[in-house]
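> The listed protein sequences derive, respectively, from chains A and B. If you're matching positions, the first sequence starts at 0 in numbering that gives the first Met the number 0 and goes up one per residue. If you're matching positions, the second sequence starts at 0 in numbering that gives the first Met the number 0 and goes up one per residue.
None of these hints come from the bench; they were simulated from the model. Built from N, CA and C at the ideal position, the CB exists for glycine as well. You may find that some hints are simply not true.
[Claimed, not checked] DSSO-like cross-link-like pairs, simulated, lysine-lysine; straight-line CA separation at most 30 Å:
id : chain 1 : residue 1 : chain 2 : residue 2
1  : B       : Lys18     : A       : Lys8
2  : A       : Lys26     : B       : Lys3
3  : B       : Lys72     : A       : Lys7
4  : B       : Lys72     : A       : Lys8
5  : B       : Lys46     : A       : Lys40
6  : A       : Lys26     : B       : Lys225
7  : B       : Lys18     : A       : Lys40
8  : B       : Lys155    : A       : Lys107
9  : B       : Lys18     : A       : Lys26
10 : A       : Lys7      : B       : Lys46
11 : B       : Lys5      : A       : Lys26
12 : A       : Lys40     : B       : Lys88
[Unchecked claim] Quick look at which bits of chain B chain A covers, simulated, 3 or more residues with Cβ under 8 Å:
id : segment
13 : 2-12
14 : 80-90
15 : 192-199
[Unchecked claim] Some residues of chain A that are not near chain B, with every Cβ distance over 12 Å (derived):
id : residue
16 : Arg14
17 : Arg17
18 : Leu24
19 : Ile33
20 : Pro35
21 : Leu38
22 : Ser39
23 : Arg55
24 : Gly62
25 : Asp64
26 : Gly73
27 : Ser76
28 : Pro80
29 : Gln85
30 : Thr92
31 : Ala112
Chain residues, written in single-letter form:
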Amino acid sequence: MANEPKQKKFGAHIRALREAQEISLRKFADRAQISPTYLSKVERDEFPPPGEEAVRRIAEILGEDPDELLALAGKVSSDLPGIIQQQPRAMATFLRAASGLSATDLEKLARRADDLRKKKPAR
Amino acid sequence: MPIKVKYLPKQHIEWNAQKLLAEYGDRYGDVVVPPIPVEEILERHLKLTLEIDDLEARLGHPDILGALWAPDKLVAIDESIEPTEHPNKEGRFRYTVGHEIGHWVQHRHYFLENPDQGSLFPKTASKATVICRTSQSKDPIERQADYFSAYLLMPKEMVYAAWEKHRGSLTPYIFNQVARENLRAMGFVEPDDLLASMAIEFVAGEIAPIFRVSAKAMQIRLEELKLVQREGGSLFSMEGVA
Chain A
0 MANEPKQKKF
10 GAHIRALREA
20 QEISLRKFAD
30 RAQISPTYLS
40 KVERDEFPPP
50 GEEAVRRIAE
60 ILGEDPDELL
70 ALAGKVSSDL
80 PGIIQQQPRA
90 MATFLRAASG
100 LSATDLEKLA
110 RRADDLRKKK
120 PAR
Chain B
0 MPIKVKYLPK
10 QHIEWNAQKL
20 LAEYGDRYGD
30 VVVPPIPVEE
40 ILERHLKLTL
50 EIDDLEARLG
60 HPDILGALWA
70 PDKLVAIDES
80 IEPTEHPNKE
90 GRFRYTVGHE
100 IGHWVQHRHY
110 FLENPDQGSL
120 FPKTASKATV
130 ICRTSQSKDP
140 IERQADYFSA
150 YLLMPKEMVY
160 AAWEKHRGSL
170 TPYIFNQVAR
180 ENLRAMGFVE
190 PDDLLASMAI
200 EFVAGEIAPI
210 FRVSAKAMQI
220 RLEELKLVQR
230 EGGSLFSMEG
240 VA
């Protein structure tokens with residue numbers, strides 16, 4: 000799903016995934032802890048996507064990556080602003096430098112960052 | 000203009016409903032006790048999309064509880080009867096879902112062969128194949144969908160089993176002189192007709208939750224199976240309203 004075009008609408012996307020997994024509308028709404036009427040309107044993209052917590056629950060039910068689904072919902076994970084603000088200049092520079100790299104290259108960078116972190120004692 | 004459908008005897012409609020339930024059972028496990036999972040049948044088994052919406056706003060007519068867009072494999076149910084937010088409408092919701100399934104199973108070929116025909120409100124909802132209103136006089140196509148829903152939600156064998164379990168035997172409830180006098184002795188002063196309706200509705204209302212249907216739907220089914228009757232039955236029946 001990650002390779003699909005970004006123009007895809009959040010509601011249509013989750014409806015397609017939900018139906019592919021044969022989860023009925025009202026069962027899904029119950030598990031996501033949102034009202035079925037609201038979910039149905041979200042699925043038709045008549046209403047904006049729900050809040051971050053609900054999107055995370057939806058991602059978990061559907062087995063989707065929460066960050067991908069949040070992006071599709073036009074949201075950024077709530078932990079990211081804090082991460083950037085801890086080292087605003089360095090992090091912004093890093094993100095700008097990394098912008099435009101392929102997903103594979105970004106994964107390599109992330110692995111490298113993990114290695115660096117493991118060499119140093121935490122904090 | 001409502002679409003003209005071929006006459007279907009009730010037994011045939013009942014058979015259609017039983018067949019669908021058996022097919023669902025083959026794939027997802029036999030349904031041996033109520034309630035019948037109508038939404039699962041519609042969404043998982045028949046692969047129809049279910050939407051909840053304000054159908055008056057969408058279709059421009061009041062009193063619409065359900066609609067089917069056959070070529071789109073889409074069913075919409077009015078949000079006023081969505082049971083999570085309106086728990087007392089669960090019976091109505093499930094009956095409407097069963098009703099739309101009835102249209103899909105029994106009538107879809109009328110619309111799929113000729114998608115231009117058959118809209119009940121061509122000007123405002125040209126794409127909707129069947130729109131089911133609460134207050135319309137029932138055309139044969141609507142009655143066939145109603146019967147289908149009743150037979151799907153309340154299969155005969157399950158109704159007999161539930162009745163026997165709940166009431167201790169298969170003896171029908173007959174509103175007769177004895178029952179009437181029992182109620183009069185309990186202080187009911189309503190006219191006979193009203194008293195009979197109240198008693199029968201009460202009896203049906205005790206079975207209805209087992210099937211998650213309305214008391215009215217249950218009553219009609221029980222009357223059809225002759226498990227509740229008015230007068231004319233045995234005068235020696237000791238059945239009363241507890």
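> A separate judgement is required for each hint: does it hold in the structure or not?
Now for the hints, and whether the structure bears them out:
1. A distance of roughly 38 Å separates the Cα atoms of Lys18/B and Lys8/A; the hinted pair therefore is violated under the 30 Å criterion.
2. In summary, the hint linking Lys26/A to Lys3/B is not supported, as the alpha carbons are separated by about 36 Å, beyond the 30 Å threshold.
3. Distance restraint check for Lys72/B and Lys7/A: the Cα-Cα separation of roughly 22 Å lies within the 30 Å cut-off, and the hinted pair is therefore satisfied.
4. Distance restraint check for Lys72/B and Lys8/A: the Cα-Cα separation of roughly 20 Å lies within the 30 Å cut-off, and the hinted pair is therefore satisfied.
5. Distance restraint check for Lys46/B and Lys40/A: the Cα-Cα separation of roughly 19 Å lies within the 30 Å cut-off, and the hinted pair is therefore satisfied.
6. The suggested pairing of Lys26/A with Lys225/B is violated, with an alpha-carbon distance near 36 Å, which exceeds 30 Å.
7. Restraint check for Lys18/B and Lys40/A: not satisfied, since their Cα atoms lie roughly 33 Å apart, outside the 30 Å limit.
8. In summary, the hint linking Lys155/B to Lys107/A is not supported, as the alpha carbons are separated by about 64 Å, beyond the 30 Å threshold.
9. Note on Lys18/B and Lys26/A: the hinted pairing holds, with a Cα-Cα distance of about 25 Å set against a maximum of 30 Å.
10. At roughly 22 Å between alpha-carbon atoms, Lys7/A and Lys46/B fall within 30 Å of each other, so this suggested pair holds.
11. Distance hint between Lys5/B and Lys26/A is unfulfilled; the C-alpha atoms sit about 36 Å from each other, more than 30 Å.
12. Taken as a hint, the Lys40/A and Lys88/B pair is honoured in the structure, with Cα atoms around 20 Å apart against an allowance of 30 Å.
13. Beta-carbon proximity to chain A at under 8 Å applies to 0 residues in the segment 2-12 of chain B; the threshold of 3 is not reached and the given coverage is violated.
14. Restraint check on the segment 80-90 of chain B versus chain A: 4 residues with Cβ-Cβ distances below 8 Å, three needed, restraint holds.
15. Beta-carbon proximity to chain A at under 8 Å applies to 0 residues in the segment 192-199 of chain B; the threshold of 3 is not reached and the given coverage is violated.
16. At roughly 7 Å from the closest C-beta of chain B, the C-beta of Arg14/A falls inside 12 Å, breaking its exclusion from the interface.
17. Remark: the non-interface label on Arg17/A conflicts with the geometry, its nearest Cβ contact in chain B lying 9 Å away (cut-off 12 Å).
18. Taking the minimum C-beta to C-beta distance to chain B, about 5 Å, the non-interface status of Leu24/A is violated against the 12 Å cut.
19. Not every C-beta of chain B lies more than 12 Å from that of Ile33/A, the closest at about 10 Å, which undercuts listing it as non-interface.
20. In this structure Pro35/A is not separated from chain B by more than 12 Å, as the shortest Cβ-Cβ distance comes to only about 5 Å.
21. Its closest Cβ contact with chain B, about 8 Å, brings Leu38/A to no more than 12 Å, contrary to its assignment away from the interface.
22. Distance check for Ser39/A against chain B: the nearest CB is about 4 Å away, which does not clear 12 Å, and the non-interface claim fails.
23. Non-interface status of Arg55/A relative to chain B is upheld: no Cβ of that chain comes within 12 Å, the nearest being about 21 Å off.
24. Every CB of chain B is more than 12 Å from the CB of Gly62/A (nearest about 18 Å), matching its label as outside the interface.
25. The claim that Asp64/A lies off the interface holds: its Cβ sits roughly 25 Å from the closest Cβ of chain B, which is beyond the 12 Å cut-off.
26. With a cut of 12 Å on Cβ distances, Gly73/A stays outside the contact zone with chain B, its closest approach being about 23 Å.
27. Non-interface call for Ser76/A relative to chain B: holds, since the shortest CB-CB distance, roughly 29 Å, exceeds 12 Å.
28. At the 12 Å boundary, the C-beta of Pro80/A stays outside the reach of chain B, the nearest C-beta of that chain being 34 Å off.
29. Every Cβ of chain B is farther than 12 Å from the Cβ of Gln85/A; the closest lies at roughly 42 Å, confirming the non-interface assignment.
30. With a minimum CB-CB distance of about 47 Å to chain B, Thr92/A clears the 12 Å threshold, and the non-interface call stands.
31. With a least CB separation of 43 Å from chain B, Ala112/A remains clear of the 12 Å interface cut-off, as annotated.
In this structure, the hints that do not hold are numbers 1, 2, 6, 7, 8, 11, 13, 15, 16, 17, 18, 19, 20, 21 and 22, in rising order.
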